[in-house]
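Take the sequences, apply the hints, and build the full model.
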Amino acid sequence: MLNRILAPLSAAWKEATDSQVWTSIFRHGKPVSNRNRALVMMSNVFLHLHPVKSRKAGIKLRYTWCMGGITFFLFLVLTFTGLLLMFYYRPTVEYAYADIVDLQEHVPLGIMRELHRWGAHAMVITVWLHMLRVFMTGSYKPPREFNWGIGVVLLVLTLLLSFTGYLLPWDQLAIWAIAVGSNMARATPLLGTEGPLSASLTLGDISLINAGNDARFALLGARSVGQPTLLRFYVLHCVGLPLVAAFLMAVHFWRVRKDGGISGPM
Amino acid sequence: MIDLFKDLVNWASGPTVLFTIATLGLLAAFRFTQVWSKTSAKVFFAVLAVFYTASMWDPDFFLIVAKPDNIPITGVIFLVFFFTWFAMHQGIQNDRRSAGEGEVLEKQESEKVWVWPDLVYTEMLAMVILSIVLLVWSILLAAPLEQPANPADSPNPSKAPWYFLGLQEMLVYFDPWLAGVVFPTLIIVGLMAIPYIDTNPKGNGYFTFKERKAEIVIFLFGFLILWCLLVVSGTFLRGPNWNFFGPYEYWDVHRVEPLLNVNVSDFFWVKLLGRPLPTGGFFAALMREWLGILMVGAYLFVLPVVMSWPRDKFPTGFKWLSCHHYFEKMGATRYYLGVSLFLMMMSLPIKMYLRWAFNLKYIVAFPEIFFNI
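Chains as they are written, first to last, in the numbering used here: chain F, 1 to 266; chain L, 1 to 373.
Simulated from the structure, these hints should not be mistaken for laboratory data. From the three backbone atoms N, C-alpha and C, an ideal C-beta is built for every residue, glycine too. Do not rely on the hints blindly, as some may be mistaken.
Computed footprint of chain L on chain F; a stretch qualifies when at least three of its residues, placed anywhere within it, have a C-beta under 8 Å from a C-beta of chain L [what the hints assert, rightly or not]:
{"#": "1", "region": "41–50"}
{"#": "2", "region": "60–66"}
{"#": "3", "region": "183–192"}
Laid out in structure tokens, this is it:
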């Protein structure tokens, strides 16, 4: 009985995998032979981030915690959900909050914003844990010093991505978190109005650093969190920072391979 | 009975007590490494979970912990504890192996295996599990949305996003130019400098504690205590006006905490000499602050040099200060860079204890030019 169902199915499967369409996509058989296990890694642009073979201890979950991979996966999830959110969200003081309310009230079963927000929180934590793992296994040591540095920059970018995104719902939580966070920029030495030595930057009687041109102004695009800030953070959040992060991720992954793959005892 | 327990927890969560307990606990765990066993981990997590769950019945605790944007903090607490334990546990197991006949686990398993299927299946599984977790989390818990932004109505407390609350907590002890600008920069630079300062060739590519004690102790103190603990307490224990509130306390907006903090210059001129602070002009300000300037200068520029001296130059009782062997091993550049970064890091706990012990506000205070340390 079972066979009568399965036989045509497996025949159809064979038909499909023998077809010109299938063989044009996958240029080798199932990865059950060693030859095909090598080919699958080399012929697939995504899988070829990995080597064909790797040290057994290195790929164990107890060693890597898969934390870097999880972080990258979260980045992809955030890119995808963020793209969908961009269809509905307008970065203006007038519409931003209303668009978020719309997303919440009028989209049946809509969880894109939830996926995006919780994913972002999770990514911050997984980046920290990835750093913890890399530190605790001494994987920053030669020859991986440079890649550790790239990783630190990626960690900072993750925080900045989360920080810029925090403003976009334009609710009380958002603007005051950004207000508090960006107040610190006022105290930048030399470049902030309330920073050490900035008062010494004068041209005759005119103070060169004021609330209209200091470091905080550069961050907010205004004297306080307002429309220019929203637009600035939106552009940085959706375009600027993800581009830089993606670029550095490419370097990071490339260097993992070039520095000898997942670390292990020499 | 329960009230007594709550009072005890509230007391123990105070900045002074919590920071001291956590630091001493961590140091003790590095000294008595048998605590990183499976049994003690189980006990620890059971206690933590029971404490957390039981506390949910307290309305004040629940109110703060159950705020949607505070959920990650609960994640941080459990995940950071777990993974720190996991890393230390594996490190200590490896140390036992290499102390005996064997080799570290990562060396035993150094044969190569096929990435398909051994690694790609793990990754696939991780993606599936993570997707499920995210979906369930998103279905169960709506993303927070408060009232529309109102620039005229600042909430109390106003808090930065949770991952920056360690920095915001630093604002209690340091001026914003240090807490908000200099220290974040130094954290980034310091982290990036680690591989270039650390010349210890051992412990590359496997978990260990014995072979990298100093590195691990310093890093985990920074990460666990100075970063994670401050993030957690900044989120859960800092209420209106950034006042401290225990986990079972109501966030009372009207609680007033007297601020009686004094500067080193006040200690010297007013309390010690019984004179008013020198006023008028640049040199008077320098004279006012000379002691503080001397202290900071000595800490940042003289102490590293002194610490590089060999042990026999130190009087008894101070020999632990000698870092001569690091100076020898690392060379002058690495040594001074590393020690300077370390001292900058330690300036936070030092300033914290000075505040708690002496109500010290600023060591050096030039409010005229916003230069306060």
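Looking at the structure, which of the earlier hints fail to hold?
No hint contradicted; all consistent.
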